[in-house]
Amino acid sequence: MQAVYSTSSLKQANPTPFKSLTGKLDPGILKALDAMQYEYMTPVQEKVLNSLPSLRTDCLVQAKTGTGKTTAFLLPALQSLVTSDSVPEGQVVILILSPTRELAMQIAKECDQITAHLHKRIECHTAFGGSARATALSSFMNGSPSVLVATPGRLKDYLSETSTRAKFKNLRTVILDEADTMLKQGFLEDVKHILRLLPPKRSGWQGMCFSATVPDKIKDVLEVVLMPNYATVSTIDKSEPPTHTRVPQYHVVIPTVKDTFTALLSLVEHERQEGNANPKIIVFGTTANLVALYAEFFRRSSSLRVYELQSRLSQPRRTRTTQEFKEATSGIMFATDVIGRGMDFPNVTSVIQVGLPMNGEQYVHRVGRTARVDKDGRAVILLTHAESFFLRLNQNLPIRPYVHKIDTKDNAAATEAMATIDEKSKQKAYSAYLGYMKGFMNKLQLKPEGLVAMANELAIKALHCPGVPPMEKKTIGKMGLRGVQGINYGTLSDDESPAKRMKPSLEQRQTFNSAPRGGRAARGRGAGGGGRGGMKNIA
-13 MQAVYSTSSL
-3 KQANPTPFKS
7 LTGKLDPGIL
17 KALDAMQYEY
27 MTPVQEKVLN
37 SLPSLRTDCL
47 VQAKTGTGKT
57 TAFLLPALQS
67 LVTSDSVPEG
77 QVVILILSPT
87 RELAMQIAKE
97 CDQITAHLHK
107 RIECHTAFGG
117 SARATALSSF
127 MNGSPSVLVA
137 TPGRLKDYLS
147 ETSTRAKFKN
157 LRTVILDEAD
167 TMLKQGFLED
177 VKHILRLLPP
187 KRSGWQGMCF
197 SATVPDKIKD
207 VLEVVLMPNY
217 ATVSTIDKSE
227 PPTHTRVPQY
237 HVVIPTVKDT
247 FTALLSLVEH
257 ERQEGNANPK
267 IIVFGTTANL
277 VALYAEFFRR
287 SSSLRVYELQ
297 SRLSQPRRTR
307 TTQEFKEATS
317 GIMFATDVIG
327 RGMDFPNVTS
337 VIQVGLPMNG
347 EQYVHRVGRT
357 ARVDKDGRAV
367 ILLTHAESFF
377 LRLNQNLPIR
387 PYVHKIDTKD
397 NAAATEAMAT
407 IDEKSKQKAY
417 SAYLGYMKGF
427 MNKLQLKPEG
437 LVAMANELAI
447 KALHCPGVPP
457 MEKKTIGKMG
467 LRGVQGINYG
477 TLSDDESPAK
487 RMKPSLEQRQ
497 TFNSAPRGGR
507 AARGRGAGGG
517 GRGGMKNIA
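Just so you know, my numbering puts 40 at position 54 of the sequence shown, and the rest follows in order with no gaps.
For the record, the hints were derived by calculation from the structure and aren't laboratory data. In this text the structure is predicted, and so the values were computed from the model without any measurement. One or more hints might be untrue.
As the list claims (entries may be wrong) - As a list, the in silico DSSO-like pairs of lysine-lysine whose alpha-carbon atoms are at most 30 angstroms apart: (1) Lys178 with Lys33; (2) Lys95 with Lys155; (3) Lys464 with Lys433; (4) Lys106 with Lys178; (5) Lys155 with Lys10.
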């Protein structure tokens, strides 16, 4: 009989079965694991359940993505819950913080599965933005949420009310999933604020931090959730590459940004063939509006079923799309990093990244969406020549040149598909691209004029806009590009003719025509070239 693991893992020579935990885990939990067809523990689960001094020990756990971390933290927390002294009705005993709502829903679903066969019903609630606050809070306050899975922003909002804080008086376990993200600048302050509103650490609640990566720079802030003598568990060999060794990784470098869409079409077709009868592909874009444009383009130019998941979609649509893609046997999903960390989509054959990731860590987490549950997968990153510095800065990543020739020539089908997309969508994508790339000006070795020229090349030669898309003065000012040659000041309204509205001026044409060729960026920093200090929260 084939060994069945709870999730993806490198198969051990002598894997440990869950049934060996008889007497250590509640019979109802073991029955649930059997119903979920979880027979053997993955390495991280085995270490957490068998190597810690006790299941109540504070711990920092590091394991590669897709190796069963969710099960590894749910089992000890739930075991502690079912064996602890009785807790007053309606009190939160286990609090799990997640960086995204999609991951929070995934954790809650697994929690419900594990507790399905317990003698006493355990309610698992979720709290995250994008849902009706009043309805969700009412359900939380009137229910018996023994387990709460929440994103920091919504939980911080909940805890602003005294009556809500009272439901956490009997807290026993606090878990941070994707701890590196949770404790970084931004999330860190929210986490600290939340902890100030919860019972103090000295009250004895257990802290558990789980993540695929644990950069040295965040280790000094783990004290916000862990006792000084916390245990460290790792299943990662530091001599190994930072991504799963079973994922072949490739790069495609194209001459300039104008080749992006035709190259992506060609690349997807090659990956489709690699995926045999059921290609299931995730394409990561850099911003929500660019992802929306990629999806719209492929709906018009590809026979694959297209899915789209990004932050500007409504929460019901995101939830529906997440479930549909999980259940799909094939298709292509265009997404931002709302799914980049921790999300489990079965049988993904390829992950494609278009454009610059923010850093190597983000690249790693995206790659982790494939080769899960002991399945094969591939990863490809598509960069322009100017963006290829990412490969030089991340030589520790096992990224090789792509094995197939990528066609970057315009074709009638691609041109026609792009021509049918409304100009408003293209304008949003152009503005988002310009804002995102502003943060990389130093690494691109571009002055502001060169950056604008590169974005204008995208608009005119890739998006086939009739001219440089207009942007509002307020947006231009936020980007620090006021007065830069090549910018088109204006407002795109729905009732005006795109051709009339977007006719490029002579100055814009001259700036566009001076765009760097072959990705060779103009040298010099210029005003506003503050490295990674570009506009935040770009769409």
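Starting from Lys95, check that the Cα of Lys155 is at most 30 angstroms away, please.
25 angstroms, holds
Can you confirm whether the C-alpha distance between Lys178 and Lys33 stays at or below 30 angstroms?
Holds, at roughly 29 angstroms.
Hinted pair Lys155 and Lys10, Cα distance within 30 angstroms
Holds - the C-alpha atoms of Lys10 and Lys155 are around 27 angstroms apart, at most 30 angstroms.
Pair hint Lys106 and Lys178, alpha-carbon separation not exceeding 30 angstroms
33 angstroms, violated
Sort out whether Lys433 lies within 30 angstroms of Lys464, counting only the CA atoms.
17 angstroms, holds
Checked against the numbered hints given earlier, this structure breaks only hint 4.
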